[in-house]
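Student: In case you want the letters, here they are:
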Amino acid sequence: MKIMASDIWQEIEKIREKVPLIHNITNYVVMNTTANALLAIGASPVMAHAAEEVEEMVAIAGALVINIGTLSDKWVESMFRAAREAKKRNIPIILDPVGAGATRYRTETARNLISTVPPSIIRGNASEIMALGPEKGARTKGVDSIALSHAAIDAARGLNITYGSTICVSGETDYIIDNDIIGIRNGHPMMSRVTGFGCTASALCGAFAAVNSNYAMAAAQAMAVMGIAGEIAAETAAGPGSLQTAFLDTLYCLTASDIGKHLRIKD
Amino acid sequence: MKIMASDIWQEIEKIREKVPLIHNITNYVVMNTTANALLAIGASPVMAHAAEEVEEMVAIAGALVINIGTLSDKWVESMFRAAREAKKRNIPIILDPVGAGATRYRTETARNLISTVPPSIIRGNASEIMALGPEKGARTKGVDSIALSHAAIDAARGLNITYGSTICVSGETDYIIDNDIIGIRNGHPMMSRVTGFGCTASALCGAFAAVNSNYAMAAAQAMAVMGIAGEIAAETAAGPGSLQTAFLDTLYCLTASDIGKHLRIKD
Amino acid sequence: MKIMASDIWQEIEKIREKVPLIHNITNYVVMNTTANALLAIGASPVMAHAAEEVEEMVAIAGALVINIGTLSDKWVESMFRAAREAKKRNIPIILDPVGAGATRYRTETARNLISTVPPSIIRGNASEIMALGPEKGARTKGVDSIALSHAAIDAARGLNITYGSTICVSGETDYIIDNDIIGIRNGHPMMSRVTGFGCTASALCGAFAAVNSNYAMAAAQAMAVMGIAGEIAAETAAGPGSLQTAFLDTLYCLTASDIGKHLRIKD
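Protein chains in written order, with this note's numbering: chain A, 132 to 398; chain B, 132 to 398; chain C, 132 to 398.
These are calculated hints, taken from the structure and not from any lab test.
Where hints are given, some of them may not hold.
Which copy is meant is left open, because identical chains are indistinguishable; a pair holds if it fits in one copy or across any two.
As the list claims (entries may be wrong) - Below, simulated DSBU-like cross-link-like pairs (lysine-lysine); rule was C-alpha separation at most 35 Å, straight line:
#, residue 1, residue 2
1, LYS133, LYS397
2, LYS133, LYS219
3, LYS219, LYS145
4, LYS218, LYS145
5, LYS149, LYS218
6, LYS145, LYS392
7, LYS397, LYS205
8, LYS218, LYS205
9, LYS219, LYS392
10, LYS218, LYS392
11, LYS149, LYS392
12, LYS219, LYS205
13, LYS397, LYS149
14, LYS133, LYS218
15, LYS397, LYS218
If we strip away everything but chain A, and leave its shape as in the complex, we get (with noise of 0.2 Å):
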């Protein structure tokens, strides 16, 4: 599977022709933003979470983004009753199983999910695959990603072998595992110090998955855009608020041109 430039573009020209609903049941952390960057790119968020809703918001949706960061009962509920309904009209789930291995209340959310609906694209760190594949991964402290190992790629060939998912283990060089391994290096250090550009890549994650059927081009597409936009803002901003800002306006106004120039793929 090759990522090329031109069909990045190709993609987001889509999204923006089609403007497909992505219905996420996400952390209070980062609703704002994530809604934001899927704005941005050209999708249509909506944050619906109500056991009373969910199946028919998720009925009408191109993609659904389920995110574990900041969970509790009624909503894992409702997690499971969208995912449900999405498997059945074969919708796309994202999966974003943030601080997996930090609890067990989040590592056995994140396996049930997995186990019961497997989604189409898991996204997490290092530490969160290792702590949801077969072998028992190291305890993560927290939600910070730790130096990528082997043992993650093993994890996540673990998950897409048993579950079908494609799994994408983020950090300095983004992998992406389904039948090949993708590594897609761009991205810049900034981007680790503002909250939610994790839970952000999941979002866009679906935005990708809603247009184009390939999970596994669709995630390596949209870690692509992801580095890329971050790259681009990390060149003016001042900070990391500034960061966040300035990668809100290069979604927006990104071009095949900045694509072409800065994709880097690992060999």
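Please arrange chains B and C on chain A, whose structure you already have, making use of the hints.
Tutor: For chains B and C alone, kept in the frame of chain A given last:
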């Protein structure tokens, strides 16, 4: 009813002098940005949603803003409690029926709120207002605005006649429907690419209604200020990220002359 | 106790080296901005509020920050659970009693938390602290600061004597009350027009307390850094929108020399 720049400015000065407390029961996505907009215009925002305290909180408020953007059962209960108390105390109620028409839960919650405790002002986009009007509205795709149609104004008239509420249908032209129809033509297309500007407009309606019991006038002035601040912000914004930032700066720095220069009323 | 610029800088370096996990059970309005402030100073924020996981989460944290800005019953239960576990493990607890005095629910929740599990640091504005002190405080109008009075310092002394907590009364001058009284005179008036700067100050108290068990010192240093970063940000900000952005940038870029130049201690 005539909308004059000098009157708008006078009301802003009144908000800054009285610093009315605006009690918001709103959605998670926009809590931060609407609180900031209320602070920037000179009001004092508070967010409180617990059944245990909403009646006491609204009792010290100058207006109550109810927004159903991320509702769930307990929040709905609190919305009713707060609305009843506000009505009893003659405190203006502003309702933002986010996503009405997208799911039955949202449509029915909004309809029940309107028929049980008729709001002073209802502000939504065309599809939301149509979903609440006497005629069955078109099913909306999420929360995006669709082209404003005569149907929306008809629905608004119906709501106004039945419940006495001032109805604001926002879009490229914002229509305020009460005994008259006022059209405000301010705003900038990029505003639709920032999450929560509609919700911010509703919050500003709360600030203006807190100092002016002519709710049609208050709604029209709030929509004008919203659009004017958005236009001025768009002059320097590089995209939707910086538009949000510049919007808050502009709202804070707005002058009588800015309003006079930019105000555009539809004939 | 003497507050020295060089000591503040040393503590910031300690935060950056240890990257303490700060567990926040906080309000919806500020989750994004306080997480970003913690990342900018060099700490690692996590937000978690489910009864199922708060004890496990706080057990791996360097500090627990409890903020009652948008509380409800289940959240209150989790605040108690987390606080008890933190106390058991000698992990510092910071309480931000947002809106205490505005409703009985807030006042009583804050009072119960304080008497059941005395926090290491309580940070609030004058009216909030007065509402919690032994004398019945004035009823506050929402969450805005009122002019700091001797009554607030008296209330703070009472709280400190009864519970042993360091009390920080923030305002134009921030007072840190423990055995001594320290006054910090940094900050900028425009900061009061940005939502959540008080909550951010409490979060920063968490970061400093995580690396320094002298909590009075930690609170004073955190308030100084807060005010200094706000002042520097205000030099270039065009309004409250850009002030928030510049504040995060400044926090991230802060140097020993910035602190030395700006620190203003009240004699």
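Student: Find the hints from earlier in the document that the structure breaks and name them by number, from lowest to highest.
Tutor: 7, 9, 10
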